[in-house]
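Protein chains: 2
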Amino acid sequence: MSDSICIAVDAMGGDFGPRVVIPASVDALARHSRLTLQLVGQQDILTPLLQQSLAKHSDKALSSRISIINAEKVIGCDERPSYALRKRRDTSMYRAIVQVAEGQAQACVSAGNTGALMALGRFTLKMLPGIDRPAIITAIPSEGGVSYMLDLGANVDCSAEHLLQFAIMGSVMTSAVEGIAEPRVGLLNVGAEEIKGNEQVKLASRLIREHGGLNYQGFIEGGDIFTDKVDVVVCDGFVGNIALKSSEGVARLMARQLQRSFSRSPWRKLMAWMVSPILNELQAHIDPARRNGASLLGLQGIVVKSHGSANRECFGYAIDQAVAEVIMDVPGSINRQLESHIADV
Amino acid sequence: MSDSICIAVDAMGGDFGPRVVIPASVDALARHSRLTLQLVGQQDILTPLLQQSLAKHSDKALSSRISIINAEKVIGCDERPSYALRKRRDTSMYRAIVQVAEGQAQACVSAGNTGALMALGRFTLKMLPGIDRPAIITAIPSEGGVSYMLDLGANVDCSAEHLLQFAIMGSVMTSAVEGIAEPRVGLLNVGAEEIKGNEQVKLASRLIREHGGLNYQGFIEGGDIFTDKVDVVVCDGFVGNIALKSSEGVARLMARQLQRSFSRSPWRKLMAWMVSPILNELQAHIDPARRNGASLLGLQGIVVKSHGSANRECFGYAIDQAVAEVIMDVPGSINRQLESHIADV
Numbered sequence: 001m002s003d004s005i006c007i008a009v010d011a012m013g014g015d016f017g018p019r020v021v022i023p024a025s026v027d028a029l030a031r032h033s034r035l036t037l038q039l040v041g042q043q044d045i046l047t048p049l050l051q052q053s054l055a056k057h058s059d060k061a062l063s064s065r066i067s068i069i070n071a072e073k074v075i076g077c078d079e080r081p082s083y084a085l086r087k088r089r090d091t092s093m094y095r096a097i098v099q100v101a102e103g104q105a106q107a108c109v110s111a112g113n114t115g116a117l118m119a120l121g122r123f124t125l126k127m128l129p130g131i132d133r134p135a136i137i138t139a140i141p142s143e144g145g146v147s148y149m150l151d152l153g154a155n156v157d158c159s160a161e162h163l164l165q166f167a168i169m170g171s172v173m174t175s176a177v178e179g180i181a182e183p184r185v186g187l188l189n190v191g192a193e194e195i196k197g198n199e200q201v202k203l204a205s206r207l208i209r210e211h212g213g214l215n216y217q218g219f220i221e222g223g224d225i226f227t228d229k230v231d232v233v234v235c236d237g238f239v240g241n242i243a244l245k246s247s248e249g250v251a252r253l254m255a256r257q258l259q260r261s262f263s264r265s266p267w268r269k270l271m272a273w274m275v276s277p278i279l280n281e282l283q284a285h286i287d288p289a290r291r292n293g294a295s296l297l298g299l300q301g302i303v304v305k306s307h308g309s310a311n312r313e314c315f316g317y318a319i320d321q322a323v324a325e326v327i328m329d330v331p332g333s334i335n336r337q338l339e340s341h342i343a344d345v
Numbered sequence: 001m002s003d004s005i006c007i008a009v010d011a012m013g014g015d016f017g018p019r020v021v022i023p024a025s026v027d028a029l030a031r032h033s034r035l036t037l038q039l040v041g042q043q044d045i046l047t048p049l050l051q052q053s054l055a056k057h058s059d060k061a062l063s064s065r066i067s068i069i070n071a072e073k074v075i076g077c078d079e080r081p082s083y084a085l086r087k088r089r090d091t092s093m094y095r096a097i098v099q100v101a102e103g104q105a106q107a108c109v110s111a112g113n114t115g116a117l118m119a120l121g122r123f124t125l126k127m128l129p130g131i132d133r134p135a136i137i138t139a140i141p142s143e144g145g146v147s148y149m150l151d152l153g154a155n156v157d158c159s160a161e162h163l164l165q166f167a168i169m170g171s172v173m174t175s176a177v178e179g180i181a182e183p184r185v186g187l188l189n190v191g192a193e194e195i196k197g198n199e200q201v202k203l204a205s206r207l208i209r210e211h212g213g214l215n216y217q218g219f220i221e222g223g224d225i226f227t228d229k230v231d232v233v234v235c236d237g238f239v240g241n242i243a244l245k246s247s248e249g250v251a252r253l254m255a256r257q258l259q260r261s262f263s264r265s266p267w268r269k270l271m272a273w274m275v276s277p278i279l280n281e282l283q284a285h286i287d288p289a290r291r292n293g294a295s296l297l298g299l300q301g302i303v304v305k306s307h308g309s310a311n312r313e314c315f316g317y318a319i320d321q322a323v324a325e326v327i328m329d330v331p332g333s334i335n336r337q338l339e340s341h342i343a344d345v
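Chains A and B, in that order, are what the protein sequence lines are. Residue numbering for the first sequence follows full-length UniProt numbering, beginning at 1 and increasing consecutively. Residue numbering for the second sequence follows full-length UniProt numbering, beginning at 1 and increasing consecutively.
Simulated from the structure, these hints should not be mistaken for lab results. Values in this document were obtained by computation on a predicted structure and should not be read as measured data. Be aware that one or more of the hints could be misleading.
Any copy, or any two copies together, can satisfy a pair, since identical chains are not distinguished.
As a list, the in silico DSS-like pairs of lysine-lysine whose alpha-carbon atoms are at most 30 angstroms apart [claimed, not checked]:
no.: 1; residue 1: Lys56; residue 2: Lys202
no.: 2; residue 1: Lys87; residue 2: Lys202
no.: 3; residue 1: Lys229; residue 2: Lys269
Put together the whole structure using the sequences plus the hints.
This is the structure we're talking about:
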């Protein structure tokens, strides 16, 4: 456990690129004494920004744990995955993943194009045996504290077999990360009754039941995601992406409404100040930014995706998540448990 | 406008059946002086409950505006639509819809099985010309006040052509109800870029654009539903149902968290009391119960679906919505505008 942890960071990804990634990286070094970071991107841009960030920091020893790997190109946020795959050479995202594939880093973090990250991750790191496609998984707040939801947008068309694979991966990941022996798995549907839903979820439900190796709770509805009904929510990437983003949207709407209500008079502003600890508690529990960092599951390596719009603090959470996954050896424990699971499929 | 409004109410539907429907109906009579109600269900059960409810009311004249239509059977909440259709004779839901088809009532309201209501509505009232399937639409809170979202679960597998029809119906309904000349229409997807999404939404987007008669804003993401980006959110019923229910779920989670935080100490309880007007304002804006009442759009008649779990107050909102749709002649104005729209398809 005293070994150092090395993470490759795509310094060019996301809406703000190195302006956010570099300060967040320096902050992360200060938080984790065993961490070493490789910033991948255009050296001319990164070098002065890194020097600035390090200069502002009181701990002058941090500079020994961060280096720059030059990559001249950047994958745009609108580029198709197939184009990104063709034009990958010398892009910051690809170079960061290659560091993991070559064993130079134990994980990589990017706030770039999700489709490209998935395609490059799959191409470079390869899938775990028995898994067809990577799935994006993230922790979401719930009555029980936290639950895990996948897929969140990597796959917009999924077969029932893919949903079964997601259920297995999600269960194993939740077990590894949260230490739950038999995580409760639910399949997202428009009703809890067996007759409800489209053909694909009905078939997936039968497959998961027949597989038998999971603590399967059957169908759950959208309203159950944030309760304590299950630990793992399984769905295709189209539905998962929209469910998660619409939930974040309603949370933002509520926050704005509260803010507006509390600023309507001086007396209300005073009340807002008095209740601010309570509102901050709520924020801390719900805020998706605090949970920034989604994992690409199913790859033979750790790839963490940050929100494209992440600020300095949020990007730091994504780095923290990569650190945690390295410490817990998530792909290794998934692979070990997959061997027995997939043998049963 | 001085004519009476007559609504048939499926008194047996929903989790609580007549125990909720009858008091809610009597309340509605007191609110709307021009309203006449027909309670459809098992006479033996309804008669004493209605007498009790009327006896509690100070206005003794209400009894002249409410009647009972006997129907011995009830459609269960788990029954398949095809089974409900075969076994429809003498069920409360079917008899209520028949009242509309025969011109004895101008609308019907039910808290029963959604799939059955859609199948029976379609079978009995028929579709508007040019529309293949009914869609469920409801008003949702947003930054701009309110927007409309469809489909919310009537159709779990939709083609691109169905999504185009939903876009037209949603636009016309929003225009009629909200008085917006050219409602902004958005198609729900996993990203705003043209390359994102599954084949079905990509094709639907092309069809809506080619149709040309709508104020089409392109793809929107889950997070945009509750902003002021569009007035009409179009999606298939699987995605719409899950997006709406997960949003309601996160709103409930936030409300419970606040409640828990505010009850942690006597001082916090005092603060809760002080800020209660503000929390009530939020509740009034967000609370899905206040917006209970979804319409089955595309039928040649008004059918309003209440949440199955609606309480007395909530079921009343569904009746209010039916009253409003009768006053605004929603199907008529949809049909008139559809004629020109569909002619262009």
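For each hint, the structure was consulted:
no. : hint             : result
1   : Lys56 to Lys202  : neither (57 angstroms within a copy, 48 angstroms between copies)
2   : Lys87 to Lys202  : between (40 angstroms within a copy, 25 angstroms between copies)
3   : Lys229 to Lys269 : between (38 angstroms within a copy, 29 angstroms between copies)
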